[in-house]
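Enquirer: So you can see what is in the structure, the chains are spelled out below.
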Amino acid sequence: MADNINYKEIKKREEEWEQGPVREFLSQVPERYDQFFSHSGIPIKRIYTPVDVSGVDYLRDLNFPGQYPFTRGVYPTMYRARPWTFRPETGRPSPEETNAQFKNILATGATGLSLGANWTWMQSDVDPDDASFAELYGGQLGHSGYCACSLKDWEIMFDGISLDRVSTSLNDIHMVQRELAFYIAIAKKQGVSPDKLTGNCENDPLQLYYAIMVDTFPPEHNLRLFVDTAEFCKKHMPQWNFTSLSAYNRAEAGLTQIQELAFGFADAITYIEACLERGLMIDDIAPRFPFYFGVHNDLLENVAKLRAARRIWARLMRERFGAKNPESWRMKIHVQTEGRTTSARMPELNVIRAALQGLSAVLGGVQSLHITTFDEPLGTPTDYAQYLSVRTHQIIAYESGVTNTIDPLAGSYYVESLTNQIEEETLKLLREIEGMGGALGAIRRGFYLRQIERNVLREQAERIKGTRIVVEEDAFISDQKSQLPYQEQIPDPQGWDKLVKRLKEVRATRNQSRVNEALDNLKKAAQGKQNLIAFLIEAVEAYCTAAEINRALKEVWGNYNHNAVPHLTLMLR
Amino acid sequence: MTEPKQSKKNIRVLLAKGGTDAHTVGIITLARSFKDAGMEVIFAGLYISPEEIVSEAISEDVDVLGISQLDGNHMGTFIKVRKLLDEKEAKHILFIGGGMIPRQDVEELKKRGIDEVFLPGTPVAEIIDYIKAEVEKRAQSEIKSAE
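So the protein sequences, as listed, match chains A and B.
Each step along the first sequence adds one to the number in my numbering, with nothing skipped, and position 535 is 535.
Each step along the second sequence adds one to the number in my numbering, with nothing skipped, and position 120 is 120.
Keep in mind that the hints were calculated from the coordinates and are not lab data.
Note that beta-carbon positions come from the ideal geometry of N, C-alpha and C, so glycine has one too.
Be careful, since some hints might not be right.
Unchecked claim - To give an idea of the chain B side of the interface with chain A (calculated C-beta under 10 angstroms), a few residues:
1) G19
2) D21
3) S33
4) L46
5) D71
6) G72
7) P120
8) T122
9) E126
10) I127
11) I128
12) K132
Claimed, not checked - Counterexamples of contact, computed for chain A against chain B with all Cβ distances above 10 angstroms:
13) L59
14) R340
15) E348
16) G379
17) Y384
18) K504
19) A508
Turn these sequences into a full structure, and let the hints steer you where they fit.
Expert: Set out below in structure tokens:
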């Protein structure tokens, strides 16, 4: 790292230290484990010295914040200018409840919205007023995620929220294009043109085939929807991020940090190549291609991962894809503290876990953060839990002092060495995936699924062995009772009836021939090669329902069969 | 004399994801832990209808059926499966469920005949002990009624 360091001498002294005082100590008090590992399974040394980072060239590998390869951050002033976006997740079954939640959260100090869609509604190809919906799903929508069937519901959901003044993340992972169409239609009703909208959509369908397996179309159609979105946003929504690559969802399915990065990059490369094939230029897409990562329990590994991710992206974009615009090299990152690290025993401990994880994300230089609420393993976030989450952001941002200088952990022998190691391991795994035909090949072979399963089982085995500890689950189990005033968030019991009633009203009052025409146009376009976003906007503006749109496209494209890929079944037999 | 043969064979378990849910970490962990505890485990898959789940449970002749569901629609799935198990004369199958399920629903499900519901945070060993005890109990009462 510096010219005047005598690496040889340090190495020699380290050896002496190991053989002398360390050995003497070990003979009296052994260490807790024979070997120490990071969360991802990287072996961790007793100490790190300048020797471990001797290969680091400051200007080439780290440089200054806002300068290539952006290891130290994508902007020159980072949090000294303003803190990251505080973006809690929202969405409750009825549009009225979601609207109230938006207003509540914005009043608490959140600076962005994140719309979680109701899992069942999002995938369904029948509407809640259809008898078969009740038959299939027991006449209820569950407790989490918003449900907004037609533009009428969307009008209620965004009542009093000016879309030109809020940044929104759309997370209908099943078909975010449909959600984007609703959002654009609402903006137009408010007199806000699409080019004024800021936020992103979780346009990331490859995750649906292994990490978050919703009922979906075959991959080639989803890739087409991906590119349609990129193309549309480039033309009409210059301030909008047309994707948010959800490495988080991949990690949550049970991955290490390295797998999370490698799978995320492999999928991103597949998307980018599909866009280039359509004729888009790398500098059209890369500046609007943010990533959404998870942070797990290992605080310093999280920091190293986020730093490594920026460097890998910058080099990929510049060296491999030949991007010329510096904006293309800057990886913008949203992070969520990982839900799977929370525990249902003593949920208040999750406040502490999330604070440490949130801190790691900030030390890793993220642009936007979602601090998972303590009640994550119990149900949909309650107002009190979201209040604590927003306050955790504020304590990190305004009390902890870590935002006063940029990338404060740079130069730590350990953090720099781990950053290098994560970069190397990620690139190695990425090459392996590319060797099997990239993301699509890895999906087809079940490679991703098997890696997930292996890691889930490894983590479980480590917990049984005692080398991985969840406090109050694997160790330090007490009789202490939780004293948090946790009350399950019970959805409005009238919500379902209101939703169904409103749907019936919409059906009675909408112009049915306009509906039929819009759906016909959509289907015809889906059979051909035209960009589908305009057709989706036409459909939602004709008050077609979300399920009608889904059904129309399914009729043309068919369904993907998740159980066709060999995974758990094979392993067990 | 009672025949201990029934209770000595390996316990067969069918695990399935219910409804439209695809959170698999829990079920992967359970599948392996059950297997390590000496059970035979079959994984039915994702997006399987109650009809398919019940028919596989019967054709695979399992002792235990476990459904994991975190999409909020457990009431619909679990009650339908219970009804089908009863209709197909598969009452002997121990039917357990788990997932993100509100406490008031747990009571309702147990009233409706779901044998046990395990909530987040339940130690895996507790589930295994429960299954072993229940399957043994059922085997004994079957032998008794046959006598």
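Enquirer: Indicate, hint by hint, whether the structure satisfies it.
Expert: Hint by hint, here is what the structure shows:
1. G19: G19 of chain B check passes; min Cβ-Cβ to chain A is 7 angstroms, inside 10 angstroms.
2. D21: holds, 7 angstroms
3. S33: Holds, because the Cβ-Cβ distance from S33 of chain B to chain A comes to roughly 7 angstroms (cut-off 10 angstroms).
4. L46: holds, 5 angstroms
5. D71: Holds - the Cβ of D71 of chain B comes within 10 angstroms of chain A, reaching about 4 angstroms at its closest.
6. G72: holds, 2 angstroms
7. P120: holds, 4 angstroms
8. T122: Nearest chain A Cβ about 8 angstroms off; hint holds.
9. E126: violated, 12 angstroms
10. I127: Since chain A brings no Cβ nearer than about 13 angstroms to I127 of chain B, farther than 10 angstroms, the hint is violated.
11. I128: violated, 12 angstroms
12. K132: violated, 18 angstroms
13. L59: Given a closest Cβ separation of 42 angstroms, the condition holds.
14. R340: violated, 6 angstroms
15. E348: holds, 13 angstroms
16. G379: violated, 6 angstroms
17. Y384: Given that every Cβ of chain B is farther than 10 angstroms from that of Y384 of chain A, nearest at about 17 angstroms, it holds.
18. K504: K504 of chain A clear of chain B: closest Cβ-Cβ about 21 angstroms, beyond 10 angstroms.
19. A508: holds, 27 angstroms
Violated hints, listed in ascending order, are 9, 10, 11, 12, 14, 16; each of the other numbered hints is respected by the structure.
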